[in-house]
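If you want the building blocks of each chain, they are given just below.
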Amino acid sequence: MNEILRVEGLSKTFKLSRKQQKIERTNSKVIVAVNDLSFTANKGEIFGLLGPNGAGKTTTLRMLSTLIHPDSGDAILDGYSVVSQPEEVRGKIGFLTSELKLEDFFTPNYLFDFFSQLHHVDETTCRQRKQQMFSRFGIDKFAEVKVANLSTGMKQKLSLVISLVHDPDIIIFDEPTNGLDVLTARTVTDYLQELRNEGKTVILSTHIFSLVEKLCDRVGVIIDGHMITCGTLDEVCNGLSLEDRFFEIYKEQKGGEE
Amino acid sequence: MRTENNTWTIIKKEFARFLGDRQLLFTSVIMPGLLIYIIYSLMGSGISKMATEGANESVFVRVENLPESVAPLWENLPATIMVPQTLTQEDINNLESKDLNEVLVRFPAGFDTLVASYNPQSGEMAPNVEIYYNSANNASSRVYHVLEGSLTAYENQLSNRFDINRADTEEAQFDMASQDDVLGSILSKLIPMLILMMLFSGVMAIAPSSIAGEKERGTIATLLVTPMRRNELALGKVVSLSGMALLSGLSSFIGIVLSLPKMIQADTQGIEIGLNYTSADYVVLLLTILGTVLIMASVVSMLSALAKDVKNAGTMIVPFMLVVMFCGLTPMFQSGTPENLTAYLIPFYNSIQVMTATFAHEMKWMPVIVMLVSNVAYTGIAVWGLTRMFNSEKIMFSK
Ligand SMILES: Nc1ncnc2c1ncn2[C@@H]1O[C@H](COP(=O)(O)OP(=O)(O)OP(=O)(O)O)[C@@H](O)[C@H]1O
Ligand SMILES: [Mg+2]
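Chains as they are written, first to last, in numbering that gives the first Met the number 0: chain A, 0 to 257; chain B, 0 to 398.
Please keep in mind that the hints were generated in silico from the structure rather than gathered at the bench. Every residue gets a Cβ at the ideal spot worked out from N, C-alpha and C, and that includes glycine. Hints may be right or wrong, so weigh each one.
As the list claims (entries may be wrong) - Chain A stretches covered by chain B per the calculated footprint, using a threshold of three residues with CB under 8 angstroms from any CB of chain B:
# : segment
1 : 4-12
2 : 81-90
3 : 175-189
Said to hold, decoys possible - Not close to chain A: a few residues of chain B, all C-beta gaps over 10 angstroms, as computed:
#  : residue
4  : 12
5  : 20
6  : 42
7  : 98
8  : 107
9  : 129
10 : 151
11 : 224
12 : 241
13 : 276
14 : 322
15 : 345
16 : 384
17 : 395
So here's chain A without its partners, still in its complex pose:
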């Protein structure tokens, strides 16, 4: 198997504001969002990070995308370190979240060109890819319609397209289907599978068991910033359904507490 991502002892601690202390119901001044996390992902697979709210999924994916710096540990993406070679890493990845909202004022056409320029995609490639992606997602008819006037589903599809203008090899996707209606969600999951078939690697985070079962080749279960178990679905599930297995693990973890 061709390893494309290696995460080694990744950790991140945040200082908590007073307000956050209340929300998290803790007196501690800091929160360890990600704690000594290690895992690997192979080229051409969909890897899922599964965990409840606050497990540290978003934080992990942001560190992999070089948006925030790990306090310790490192992640190597296609040979480049997020700590020492963040710019090279950025050239390899696309980072998406379903929360992304594009600026109302612009048209799909303009935004595609804008992000292509920032990714240094040359004009011919940009034009070809735009045509291909727009027709793949049915955006071509709306290419000159301002984002404000697009349907919610269309906006979400456009966000996806915009984040992948540069055809990255590694796609990092935080909660791919959160907040999407069933049709758009289906379009997105279908597309992720297409990407895998093209040999791209997808690292996604989710708290939805069925999504993992449907899409992921391998999965890592993350609770309170710790990687509890990691492997293929079969390895992790141990004969149970993913949901049952997850709660088994969860109880083991939280057993001592509460």
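Following the hints, position chain B with the ligands against chain A.
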């Protein structure tokens, strides 16, 4: 080369947004100039109306020691000159009644000789001409402006060898109107604040959505995973926001330039007496406005960067706006502008003081320079701070 490209891409996008959005363009560029023009013009015609009310009333100008050099200047006055006169304190106090159509002028005895022998380098006080009037009496006020204007012109011709209405003591008062009569002067003291408010609304329309909006929408992450560096993004934002803010400031300036002649005309009743704003005055106004709008834009940008969304940015900016407004009100509580140059190091306050002085034909270069240099320095610091903020993951990805 690469830096330039990314920054330029950002700038192009920001301007496409700005120039393509009619509403935004209206609030930030058209409105400030237009409103200033309208308000100023209305004030102009208001004053003009007040002034014409007294136009046909005859006015007596009583002059003590009228010098030979000045007499010809005043031959064609729309008033009756009465000389020789000795002015008593009682005469002056009588002016407090606004029904008296009078102006009193006192030249020092031997004015012409005094002026001729005065050496500006000597450090001594220049000869002082006192003109007493009542600004609440239109006729009196109108003639006062004509007299004052012609003397100022004469003074300039003599390279400032005498002063007009120099206040040698705390109590010196030449406008005998009681304070609440002086509506016009209160209004004119409000003008700089009005300009400041216009500039502020322009900046408010642009900066929060451009910076806090990026965080709110999550596009900041999409931008930061491109190969662009964070300072390139910061630079692109700062340059475009400054450009837009400058356009907004320019609009306010044009509004002032177009409406000022109306004010002057109203003020002087169309009588040519050389009481005009000089091109230096205009340059100072323009530079002041541009300098002010730059700091304003950078402070609002910094606050927007700290905010988690556009609404939060609005809340954070309110206290800052109140401080700026308070600075705008200071001329109301002051007589004249401060002499101490360090006062001109205080941002916003300094711009207000310089504008007030300029509108009152009292612009001096040193305060202007201190104001401009300090404002440019503050903007530089703010830009540096803003770049730091874009570089900080704590601020860009705060929870
Ligand atoms: N910038 C930040 N400042 C302070 N605390 C943070 C910050 N970002 C995340 N946290 C905290 O770190 C922990 C992990 O957050 P994270 O967003 O990574 O979880 P998640 O697994 O993505 O959860 P969710 O399913 O809610 O998205 C949470 O307790 C969160 O409150
Ligand atoms: Mg999350």
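Verification of the supplied hints:
no. : hint    : result
1   : 4-12    : violated (count 0)
2   : 81-90   : holds (count 3)
3   : 175-189 : violated (count 0)
4   : 12      : violated (5 angstroms)
5   : 20      : violated (6 angstroms)
6   : 42      : holds (37 angstroms)
7   : 98      : holds (62 angstroms)
8   : 107     : holds (68 angstroms)
9   : 129     : holds (62 angstroms)
10  : 151     : holds (52 angstroms)
11  : 224     : violated (4 angstroms)
12  : 241     : holds (20 angstroms)
13  : 276     : holds (40 angstroms)
14  : 322     : holds (25 angstroms)
15  : 345     : holds (32 angstroms)
16  : 384     : holds (20 angstroms)
17  : 395     : violated (8 angstroms)
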